[in-house]
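Fit chain B to the known structure of chain A by using the hints.
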Amino acid sequence: MQHVLSYLKPYRKWMIVAWIFMLIELFVELWQPLLMEKIIDHGVISKNLHIIWTWGAVMLGTSLLAFASGIANSFVAAHVGQQYGFDLRKHLFEKIQSFSFANFEQFSTASLITRMTNDVTQMQNMVFMSLRIMLRAPLLVVFGVVMSLFVHVQLALIFVVTVPLLLVFLIWMMNKAAAWFSVVQQALDRVNSVMRENLAGMRLIKAWMRGTYEQERFTKANETLMTRTMSVLRLIETITPVLLFVMNMAIIVILSVGRMEIHTGSATAGQVVAVVNYTTRITTALSIFTFITMAFSRARASAQRISDVFTAQVDIVDDERAHDTNIQEGEVRFDHVSFRYPNSHSFVLKDISFVVRPHETVAILGATGAGKSSLLQLIPRLYDAIEGRVLIDGIDVRQMKQESLRTYIRFVPQDILLFSGTIEDNIRFGKEDASMEDIIQAAKHAQIHETIMKFPKGYDTLIGQKGVNLSGGQKQRLSIARALVGTPKILLLDDSTSALDLKTEGKLLQALKTYTCTTFIVTQKIQTAMEADTIFLLDDGVLLAKGSHNELLQTSDLYRKMVESQFGKKGLGDVKTAT
Amino acid sequence: MLRPRHSAMMLTEKKRHAKDSIGTLRRIWSFLSDQKGRFAAVVFMVIMSSGLSLLGPYVVGKAIDTYIVTKQTDGFVFVLAILVLIYLSLSLSTFLQNYWMIQIAQRTIYLIRKQLFYHFHQLPIAFFDKRQHGELMSRITNDIENMSQTFNSTVIQVVSSMLTLVGAVCVMLWLSPLLTFVTLLIVPMMYGGMKWITNRTQKRFKEQQQNLGELNGFIEEVISGQKIVKMFSQEKRMIAQFLSKNERLKQSGFWAQTYSGFIPKLMNVLNNVSFALIAGVGGILALKGIISIGVIVIFAEYARQFTRPLNDLANQWNTLLSALAGAERVFEILDVEKEERDETEAISLPEMRGEIAFRHVFFSYDKEQEAIRDVSFSVSPGETVALVGPTGAGKTTIIQLLTRFYDPDRGHIFIDGHDSRSIKRASLRQHMAFVLQDTFLFQGTIRENIRYGRLNASDEEVEEAAKWANAHSFIMKLPNGYDTVLNQDGSGISQGQKQLLAIARAMVANPSILILDEATSNIDTMTELKIQEALGRLMNGRTCFVIAHRLNTIQNADRILVLNEGQLIEQGTHESLLEAKGFYYELYHSYLKKEEIS
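Residue numbers (our numbering), protein chains in the order written: chain A, 1098 to 1676; chain B, 414 to 1011.
One thing to keep in mind: the hints can contain errors.
Only pairs whose alpha carbons sit at most 20 angstroms apart, straight line, appear in this in silico EDC-like list of lysine to aspartate or glutamate [to be verified]:
{"hint": "1", "chain 1": "B", "residue 1": "K649", "chain 2": "A", "residue 2": "D1530"}
{"hint": "2", "chain 1": "A", "residue 1": "K1317", "chain 2": "B", "residue 2": "E558"}
{"hint": "3", "chain 1": "B", "residue 1": "K640", "chain 2": "A", "residue 2": "D1591"}
{"hint": "4", "chain 1": "B", "residue 1": "K649", "chain 2": "A", "residue 2": "D1415"}
{"hint": "5", "chain 1": "B", "residue 1": "K837", "chain 2": "B", "residue 2": "D822"}
{"hint": "6", "chain 1": "B", "residue 1": "K649", "chain 2": "A", "residue 2": "D1184"}
{"hint": "7", "chain 1": "B", "residue 1": "K890", "chain 2": "B", "residue 2": "E873"}
{"hint": "8", "chain 1": "A", "residue 1": "K1144", "chain 2": "B", "residue 2": "D478"}
{"hint": "9", "chain 1": "B", "residue 1": "K640", "chain 2": "A", "residue 2": "E1529"}
{"hint": "10", "chain 1": "A", "residue 1": "K1447", "chain 2": "A", "residue 2": "D1637"}
{"hint": "11", "chain 1": "B", "residue 1": "K658", "chain 2": "A", "residue 2": "D1184"}
{"hint": "12", "chain 1": "B", "residue 1": "K484", "chain 2": "A", "residue 2": "E1358"}
{"hint": "13", "chain 1": "B", "residue 1": "K543", "chain 2": "B", "residue 2": "E750"}
{"hint": "14", "chain 1": "B", "residue 1": "K640", "chain 2": "A", "residue 2": "E1191"}
{"hint": "15", "chain 1": "B", "residue 1": "K608", "chain 2": "B", "residue 2": "E620"}
{"hint": "16", "chain 1": "B", "residue 1": "K911", "chain 2": "A", "residue 2": "D1512"}
{"hint": "17", "chain 1": "B", "residue 1": "K640", "chain 2": "A", "residue 2": "D1412"}
{"hint": "18", "chain 1": "A", "residue 1": "K1187", "chain 2": "B", "residue 2": "E633"}
{"hint": "19", "chain 1": "B", "residue 1": "K649", "chain 2": "A", "residue 2": "D1421"}
{"hint": "20", "chain 1": "B", "residue 1": "K751", "chain 2": "B", "residue 2": "D542"}
{"hint": "21", "chain 1": "B", "residue 1": "K890", "chain 2": "A", "residue 2": "D1637"}
{"hint": "22", "chain 1": "A", "residue 1": "K1604", "chain 2": "B", "residue 2": "E999"}
{"hint": "23", "chain 1": "B", "residue 1": "K527", "chain 2": "A", "residue 2": "E1320"}
{"hint": "24", "chain 1": "A", "residue 1": "K1610", "chain 2": "A", "residue 2": "D1535"}
{"hint": "25", "chain 1": "B", "residue 1": "K475", "chain 2": "A", "residue 2": "D1138"}
{"hint": "26", "chain 1": "B", "residue 1": "K649", "chain 2": "A", "residue 2": "D1522"}
{"hint": "27", "chain 1": "B", "residue 1": "K649", "chain 2": "A", "residue 2": "E1529"}
{"hint": "28", "chain 1": "B", "residue 1": "K640", "chain 2": "A", "residue 2": "D1481"}
{"hint": "29", "chain 1": "B", "residue 1": "K543", "chain 2": "B", "residue 2": "E753"}
{"hint": "30", "chain 1": "B", "residue 1": "K780", "chain 2": "B", "residue 2": "D820"}
{"hint": "31", "chain 1": "B", "residue 1": "K649", "chain 2": "A", "residue 2": "E1191"}
{"hint": "32", "chain 1": "A", "residue 1": "K1551", "chain 2": "B", "residue 2": "E978"}
{"hint": "33", "chain 1": "B", "residue 1": "K701", "chain 2": "A", "residue 2": "D1138"}
{"hint": "34", "chain 1": "A", "residue 1": "K1187", "chain 2": "B", "residue 2": "E627"}
{"hint": "35", "chain 1": "A", "residue 1": "K1528", "chain 2": "B", "residue 2": "E634"}
{"hint": "36", "chain 1": "A", "residue 1": "K1135", "chain 2": "B", "residue 2": "D478"}
In case anyone wonders, no lab produced these hints; they're calculated from the structure.
So here's chain A without its partners, still in its complex pose (with noise of 0.2 angstroms):
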């Protein structure tokens, strides 16, 4: 909370103008009931009409002031909630564009996304509303109490045992319904989760026919929402009658009270007239005191996730050091280089060296979780080796500076990932300045300008939720269009040729030929694998074998088992022959 709250530092001087524009109004508040005192004593009771007149207009006239200074408080309160949330963003985004790819693991993009959009607009509410109404509930409260007592200590002596006895009342109504919110809350989580995941396997579900075992487990998750909510929305609906009832009960003591001292001689009616109105006063505060008391734990709930962003630790940072090299030629060079990620213990690459000469093609086979994206994760530094070092042109990566580095290298990853925009946009993505002609040259080695040209608006194109809905091959070679703008050195494609058929995949990778860059290929196909120079055999974080096609069909077991499962044993025959 403080980490976030710190950003409001350079704001102090306005927000103490806002508090005593709301002091000002808060007093004037305070004082009518005083002046009406005055009225009823002064003037109804010892008929005193100029004295009517001059507290009434006096009464008038701050409420004007009043209203003059709630404006006033609405300009320097929307000045410093709206710069508290733009500092508050930018800070943000910054953080998170800092980020490296080990921080993506710990935060889900969708937690990022909640986190820069809806808990900044709860900080900045709560900023804005504190300037306003959050003080000044708890301040009325207070006040009227002490400004009543001032009336008249015995009449108002009944607030001293109501007030606080309802202040921890409803402290710890807030505290039970936020632990009965939260169960809420999961119980609504389940019935959303199975309406997703009902909307997401329709297909599935109507295919075997699942719709009443799907229904019973909707409707049993439905109900448990259903009681859950009414049990805690009824704990919260008591608080409404139990303080209309003790503040009420209030009155009525003031009223036996105020009789007896009216007897007595010691107050006079326009005190006890003043002290009720002031119990209404206090009731509507008290009440505002549950609403804040919420929009408070939510605030505090997000200041936390805010600051979650804040305090995490960025692990890639340019060296001080670090230079701005452009890579020349691109070789690559692992130098005994193991890898495990930021939360594991297990190390995904074993002691791996090899070296890539430049403009050579290199595959990447491997089972699953062999270690193929780690290994490409690291060319570019979107992780660090911990063990060993990764050289481009004889430079170790990690004295390369970030941008320049990946200016050069281009990753096709596995989850193809498309901005909204033109598709003219998404390929210029890399590259700013790149030319029209740049472009149609990318695409057409990318096999995607045919395609493109079909759509009505050609490039201009719009993709995503307001354009065309593009297929995965569609969407794969886009985002291979995109790496190959701007001429990369070294170019990364994470299986990213999988749902391509066979014919374009085999014009793409001629295509790729005519580029002078290393190309590191990850695939799970023998035919694509067979195109590269080299072929890397990856198992379980091993560098198991390296060689071409034939030279690996003769040394390695496990390549001719790969071999044999796409082709068929026939296949293999026919490849044999073919060769």
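Chain B only, in chain A's frame:
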């Protein structure tokens, strides 16, 4: 309950109004069918609590007149007793109205959710093909949640606000028409002030909404694509774009928030002004003996009771309308027509041999472009048929028709000699099992996921199936074996293992017809071998349709159907098709050709 809502927050909510509020209300009313008695009780309680909340201050005022100002003594205890009674009943009726209303609201929400869920299961699959489930999901979640919150409190508040308003004015008129007139002076002021503010805020809010939407959209997209941003080292550019959007939001947000901040202040000042007017004018009237001091107290009380409802009404009216709009959207889904019912004379097949024939089948999804054209073929029981062809050739469509997710536009599909349309969907699918490309797993244990194939399968049968599917060994390695809970995205097990589970699921079902849509990639070789073996066992003795992506599956098929652009262009065995040197020959050789290229 009294739930002060902050106007700033209320106004930032996007307001969408229902097109047919009355119709929607009527529909919500229909959900109350079994609770109308309770609803009447709530209405009664609301009337009672509104009346009591007016009666309380009235008695207090009168008590002040009689016992405080004029110092009478008779019957004071009696008046106090009446006051206690009033306040007790007030609290009690407030509690009861909420207690019952919560039940009504939650029960209604429960029923709407339930009906919606049941309805989803009756919708044709085309409905889901056309929509993204994410969008549907957010519609349901937000709209229903919104409805739930509104019905809990807003309905009561709106009704009691109106009652209090009318009641207060009546009593005030009865007590002193002149002072009522003075008190009501603030109403035109409030109206004018609100109008002035909303005129200014509306544009600002629209602007702010737009900028906020734009910024949030940007955040969502960039963070979702953060890894790409990183890989392409575009962080600086993203920050620059972000800052300009952030700045714009700040500008519009400032004015929107400032103006909306005026509203509570306006309410305050009007409260205070009316209080001052009542004190001043009331004081003069009291001095002249026209009214008593007690009446001033009553008016001061009422004025507070009525500016608040007036303020609340405006806010809550909007909440109510937006909830109605949400309800309308939910009802829109409920109005989507259900899947065609099985024909009344449709039959059930207790047994199925698995003989299939397509006769001149035509089908299109959108009535424009035909997905398949004039497709005819027959499959005998126990035969394995591979469907081969480029993307969009119509392979999936054939499966969709076979399973009756869609029915042909023209032509017939015969299963065991019966037209598929004359067989009940349930009965048809009961004899089919599926291993689909997206091996959808449900949140639940592995055991539950396998048992999905046949719900009455015993634990032994489940494990037996898993063994046959080569899944048993990896399941036993999981921390809780068969009771390991899978997340919805199935994280924790690999793609290949998911396939094995899907095979086990189909194995448990013991179908006559098996439909396979092979996964294309991301499966490692060792698991792949296991899958092949398991599939071999599963396919044995059943009619199988395979959408094939791998050469060896194709080669092992009894027959290959080659599709291109919606037409069945070739069929035969692997060898015969190769000999024919047609489309299949080309397709097959593109697998191998690359060897020659390099």
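Status of the hints after comparison with the structure:
1. B/K649 - A/D1530: holds, 15 angstroms
2. A/K1317 - B/E558: holds, 18 angstroms
3. B/K640 - A/D1591: This hinted pair holds, its Cα atoms lying about 14 angstroms apart.
4. B/K649 - A/D1415: Holds, at roughly 15 angstroms.
5. B/K837 - B/D822: holds, 18 angstroms
6. B/K649 - A/D1184: holds, 17 angstroms
7. B/K890 - B/E873: holds, 18 angstroms
8. A/K1144 - B/D478: holds, 16 angstroms
9. B/K640 - A/E1529: holds, 18 angstroms
10. A/K1447 - A/D1637: Holds, because 8 angstroms separates the two Cα atoms, which is no more than 20 angstroms.
11. B/K658 - A/D1184: Holds, at roughly 13 angstroms.
12. B/K484 - A/E1358: Status holds; Cα separation ~11 angstroms.
13. B/K543 - B/E750: holds, 14 angstroms
14. B/K640 - A/E1191: holds, 15 angstroms
15. B/K608 - B/E620: Between B/K608 and B/E620 the Cα gap is close to 19 angstroms, so the pair holds against 20 angstroms.
16. B/K911 - A/D1512: Holds: B/K911 and A/D1512 sit about 18 angstroms apart, inside 20 angstroms.
17. B/K640 - A/D1412: Satisfied, since the Cα-Cα distance of roughly 15 angstroms is no more than 20 angstroms.
18. A/K1187 - B/E633: holds, 15 angstroms
19. B/K649 - A/D1421: holds, 16 angstroms
20. B/K751 - B/D542: Since the Cα atoms of B/K751 and B/D542 sit roughly 15 angstroms apart, the hinted pair holds (cutoff 20 angstroms).
21. B/K890 - A/D1637: The given pair, whose Cα atoms are some 17 angstroms apart, holds under the 20 angstroms limit.
22. A/K1604 - B/E999: Given that 20 angstroms is the threshold and the Cα spacing comes to 15 angstroms, the pair holds.
23. B/K527 - A/E1320: Within the cut-off at roughly 10 angstroms; holds.
24. A/K1610 - A/D1535: Distance ~17 angstroms between A/K1610 and A/D1535 Cα, so the pair holds.
25. B/K475 - A/D1138: holds, 17 angstroms
26. B/K649 - A/D1522: Holds, at roughly 17 angstroms.
27. B/K649 - A/E1529: holds, 12 angstroms
28. B/K640 - A/D1481: Measuring from Cα to Cα gives roughly 15 angstroms; hence the hint holds.
29. B/K543 - B/E753: holds, 17 angstroms
30. B/K780 - B/D820: holds, 13 angstroms
31. B/K649 - A/E1191: holds, 9 angstroms
32. A/K1551 - B/E978: holds, 17 angstroms
33. B/K701 - A/D1138: Roughly 15 angstroms between the alpha carbons, so the hint for B/K701 and A/D1138 holds.
34. A/K1187 - B/E627: Holds: A/K1187 and B/E627 sit about 15 angstroms apart, inside 20 angstroms.
35. A/K1528 - B/E634: Holds. A/K1528 to B/E634 sits at ~19 angstroms (cutoff 20 angstroms).
36. A/K1135 - B/D478: holds, 17 angstroms
Taken one by one, the earlier hints all hold for this structure without exception.
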